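A.B. asks: Got chain X sorted already, so can you dock chain D onto it with the hints?
2 protein chains.
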Amino acid sequence: MSTPHAYARQHSERSLNQLFDFIRIPSVSTLPERAADVRRAAEWLAANLSQAGFERVEVVPTSGHPIVYAEWMGAGPSAPTVLVYGHYDVQPADMADCWDSNPFEPILRDGFIYARGASDDKGQVFAQVKAAEALLATGGAPVNLKFIVEGEEEVSSLHLGDFVRQNAERLKADVCVISDTGMPSIDQPAICYSLRGLAYMELHVWGPAHDLHSGSYGGSVHNPAQALAEIIAALHKPDGSVSVPGFYDDVLPLSPEERAAINQRGMTEEAWRRETGADQPWGEAGYTIEERIGARPTLEINGMVSGFYGDGAKTVLPARALAKISCRLVANQNPQRIYELVRDYIAQLTPPTVRSELRLLHTGAPAYTDINTPAMRAAVVAYQKQWGASPIFIRGGGSIPIVADFQTQLGLPVVLLGFGLTGDGAHGPNERFSVEMFHRGIATAIQFFQEISQS
Amino acid sequence: MSTPHAYARQHSERSLNQLFDFIRIPSVSTLPERAADVRRAAEWLAANLSQAGFERVEVVPTSGHPIVYAEWMGAGPSAPTVLVYGHYDVQPADMADCWDSNPFEPILRDGFIYARGASDDKGQVFAQVKAAEALLATGGAPVNLKFIVEGEEEVSSLHLGDFVRQNAERLKADVCVISDTGMPSIDQPAICYSLRGLAYMELHVWGPAHDLHSGSYGGSVHNPAQALAEIIAALHKPDGSVSVPGFYDDVLPLSPEERAAINQRGMTEEAWRRETGADQPWGEAGYTIEERIGARPTLEINGMVSGFYGDGAKTVLPARALAKISCRLVANQNPQRIYELVRDYIAQLTPPTVRSELRLLHTGAPAYTDINTPAMRAAVVAYQKQWGASPIFIRGGGSIPIVADFQTQLGLPVVLLGFGLTGDGAHGPNERFSVEMFHRGIATAIQFFQEISQS
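These protein sequences, in sequence, are chains X and D.
With my numbering applied, the first sequence corresponds to residues 1 to 455, in that order.
With my numbering applied, the second sequence corresponds to residues 1001 to 1455, in that order.
Honestly, the hints are just simulated from the structure, not real lab data.
For clarity, every value in this text was computed on a predicted model and none was experimentally measured.
All clues stand as given, with none of them false.
Partner residues are not named here, just some residues of chain D that face chain X (Cβ under 10 Å, in silico): (1) Ala1209; (2) Pro1224; (3) Ala1233; (4) Ala1313; (5) Val1316.
Label pairs and their in silico Cβ distance ranges: (6) D:Gln1188 - X:Gly310: 36 to 46 Å; (7) D:Pro1238 - X:Arg265: 40 to 50 Å; (8) D:Gln1336 - X:Arg40: 48 to 58 Å; (9) D:Leu1360 - X:Arg40: 46 to 56 Å; (10) X:Pro32 - D:Asn1263: 43 to 53 Å; (11) X:Gln348 - D:Leu1360: 32 to 42 Å; (12) D:Glu1043 - X:Gly310: 17 to 27 Å; (13) D:Glu1043 - X:Arg40: 47 to 57 Å; (14) D:Arg1274 - X:Asn334: 39 to 49 Å; (15) D:Gln1264 - X:Gly310: 34 to 44 Å; (16) D:Leu1108 - X:Gly310: 26 to 36 Å; (17) D:Asp1187 - X:Gly246: 53 to 63 Å; (18) D:Arg1274 - X:Pro32: 35 to 45 Å.
Glycine included, C-beta positions come from ideal geometry on N, C-alpha and C.
Extracted from the complex, chain X is given alone in its bound form:
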């Protein structure tokens, strides 16, 4: 019988082809018109998990998108149980956002798979599936496996929290592992130990009852696009900090040791420039790029729209304006509280000449993972064996809303066993995933399961 690592290598091409099929399903969770595709991706993944050797595979309906659950308990009651979490839904992607190729037709170029979801998170979660398959196909895994792969991570795991609470017994495990983070470079393995939380909001501003002729009324009506701009402009101070009163109140100060650790291996201005293509950094005065991304909360405009914005000209005075606004939050900040602070401040900023409303769309709690658990040590060894180098610990700027739930509801230590690269372009155009990271990911996951069984 082959070893799991040999099995994975022998089947690497098939695994890649399967990943391509997985990616081709445009499972965009936020778009109502993609609901059938989201379901199709869940069913595709469930079928693949069955083929991989899982004993019990389910597509669990929710009032939103389904959860895929798979279990293999063949290691027996004395062996540890690992809960693997990932998501099969993806962010929206449109050629108009400057993709070089169809976001849902993966192509290989220079060792990367270019497609929406390639890195976030289809490629990473599928590396876990293929690692499990390699173990199950070569004599069985040394640990019991529970896979939970959801379809709503990109909409803040709307229904997963309830599922976790209602199925605490079924989801019992010794450790939770999640492959949905990135490292700055393929040459240096890195483990993300901190994630930001999220409060995603929508700001509406209303002016006149309907669009008006900008000549017949212009100058006498507070233009809601202008009013929205005035409100948005007032949300930051000139020093780059967020001006919402109380916004930073719950942020724990960074110790000099933490700051030193963050900055030692942090993103250089050169790497930042290469990855963003922007001219020069911006942000909260007194903090480095790495601190701004990993250790400080933000308030970001994700989009806005008002009036006429097509080619040509329309001399309209618009009736309304909209902005999507989200805050990334750090440890000890409460998303609901932050929403309330922003809401109250915007109410205060809104002049009597327009009306405004800030709606909360969804939230996710910030999370830390303990770097001193046996599971984390198993992860360190797994990376070491595959990379020949010890992983560093880094903070991530992104959010995985369910991590806090796994920690608090299930009392599980969480390990973020990421296989992405920070330059993968998740959420943007031309998202990509390194083929080598995919295969190293499979090997690292196999290694992790082996290490954890001995810890």
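C.D. replies: Just chain D, lined up with the frame of chain X:
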């Protein structure tokens, strides 16, 4: 033989049906995909002018949309010649902008025709056509008639100025009459004697080279949507005035007499509230609603767009943002100069963390018409006879870019013989045109041609 007025009454239903057919053609000049419809509207109008009895009718191609030209010189060389100008193109209209019915399928409700272009300007220019027909069908007009109806008024008459310069001889006339303005109420006839000019611009702001993950980079990149908002917010002072240095330099101060005249019959706050549906007026401190609209220049946001603005959430940090910005200008202001002032100020406001560019899309000069010409007296009498009341003189907030060209290139006195109502909702949703104003318009135009022949 019937009189022209009797002819118009006898054919009122047919005229209305023809107007409906004219309106059904979605001749939106700013949308490239509507070019064939714009052409179709030109051809429809040319055919109608031929049927109306014009001797020479042409659809004149330009490098943009065609100009419809029609001539009837049967009054002979000793009779005056009237140049009638109007436009057959319309503003964009979309059900999504809160129309209660299809903007290109006119419906009658409470005495109004609801449709895009009903008032601006198809209904008004068609009243002129039907007045000419009534005269030509009942023994001929007492004046020579030259109709020039363009398809680019809503895009600032891009090619009409050249046409006017190149055809100065052919367009020779004694007076120019334009039906493309409104009066506050059907009970009180009003003649608009002042129009604002226009500088229509597009502001682009670029940040990162492509959309980014708002978690992975948020807080370290100057968000272009935010930067655009910051720039827009800085374009007005808290007192409602435009903060662009030099913006008001060329504005002639209003004399106390002018202010008194403007405000005597000006829009009341109650009428403003009814027409706009907004909560309370806004604008330049120290000026009344009517002065802000008719006598002061403005800077308006006609639209803006950035990032994700659909239903749901996308945690994206957008790469770019766009705003459509237009300035309405008053007498003595130069649109090109205003563009340069705004451009330079925005360049100065733009921080080094983003790039911006302000592009000029088109311009129109502000215009005054002399209220002491024989043509204006003929207009006053024409309104008096149809309304039983003397018209008042008002200032319009809108722009008819070609008026200044007619005055300077052709040396013509211009009369704005408007049949619209200020509450018609031009450029907005549910644009409408009063059926009674349409028929009164035909009668007033007949009367005007008769009066001017005797002046």
